[in-house]
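Starting from the given sequences, assemble the full structure and let the hints guide the process.
From first to last, the protein sequence lines are chains A and B.
The first sequence begins at 1 in the numbering used here and counts up by one.
The second sequence begins at 1 in the numbering used here and counts up by one.
Think of the hints as simulated: they come from the structure by calculation, not from any bench.
One thing to keep in mind: the hints can contain errors.
What the hints assert, rightly or not - Derived BS3-like pairs (lysine-lysine); straight-line CA-CA distance at most 25 Å:
(1) B:K90 <-> A:K72
(2) A:K86 <-> A:K72
(3) A:K86 <-> B:K61
(4) A:K72 <-> B:K61
(5) B:K108 <-> B:K98
(6) B:K90 <-> B:K108
(7) B:K108 <-> B:K50
(8) B:K108 <-> B:K48
(9) B:K129 <-> A:K81
(10) B:K48 <-> B:K109
(11) B:K61 <-> B:K10
(12) B:K55 <-> A:K86
(13) B:K55 <-> B:K129
(14) A:K72 <-> B:K55
(15) A:K81 <-> B:K61
(16) A:K72 <-> B:K109
(17) A:K81 <-> B:K55
(18) B:K109 <-> B:K50
(19) B:K90 <-> B:K109
Said to hold, decoys possible - Example chain B residues on the side facing chain A (calculated, C-beta under 8 Å, incomplete):
(20) R5
(21) A30
(22) V66
(23) I68
(24) G71
(25) L72
(26) G76
Every residue, glycine too, gets a C-beta built ideally from N, C-alpha and C.
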Amino acid sequence: MPPLFVILAIRSSDHQFRLWIPLFILWLLLLPLFILLLPLVIVAEIVFTVIGFRFHPLTILAACAGLISALKGLRVLVDSKSGNAKVHINII
Amino acid sequence: MTQERERILKMVAEGKLTVAEADELLEAIAGKEQRDVEPQTTAVAAKKAKYMYVKVASAQKDNVDVRIPLGLLRAGMRFTSLIPPQAMEKINHTMQEKGISFDLNNLKKDDIEDLIQNLTEMEVNVNSKDGDNVRVYCE
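In structure tokens form, the structure reads like this:
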């Protein structure tokens, strides 16, 4: 399951904002493109395997998808009381 | 050796059981023992760590708190299989030059899994005289 939202909260001495970035919209937009490109990727994978070229687009695609899915749960909180600044990044 | 196994072997010695029958019985006992061990293994698996935490707290009240999903480490390690052989050789050669005798080609999926699971037992705690604290652990 890929991450659905990125919550970004930034505060400085004079600015403050909180942003919810809906990643699921991005995945929905990319899905048709992915479905269209998948046959090409599979063909490329077969061709490269047959000619012995050590480049596997399908493996790369799977590894990238795994990496994106694994980002879910990543949280970075930086609070600077001395500099009166805050950066919170939360991927859910 | 359990009492049951001992009894079976004694019966074979006395001629009350054939070797084939004893073999069947011993296999049944082994299966039972395996089933008894499985719930414990599941309980350990349930305690599997999901995240690595890196927490930095300075004396000036500046804090950094990072939570990294361990799945990200797994996914990242999967990329090692995509490293071209020439680059892999170069990496191994450089590591050996630096005195690290480690061959990335020998890194198996199970090894990575073991490595990540054993991270649960790792904890790094650094305290400085100034009151700064760094803590790395998995939970």
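Failing hints, ascending?
1, 4, 11, 20 and 21
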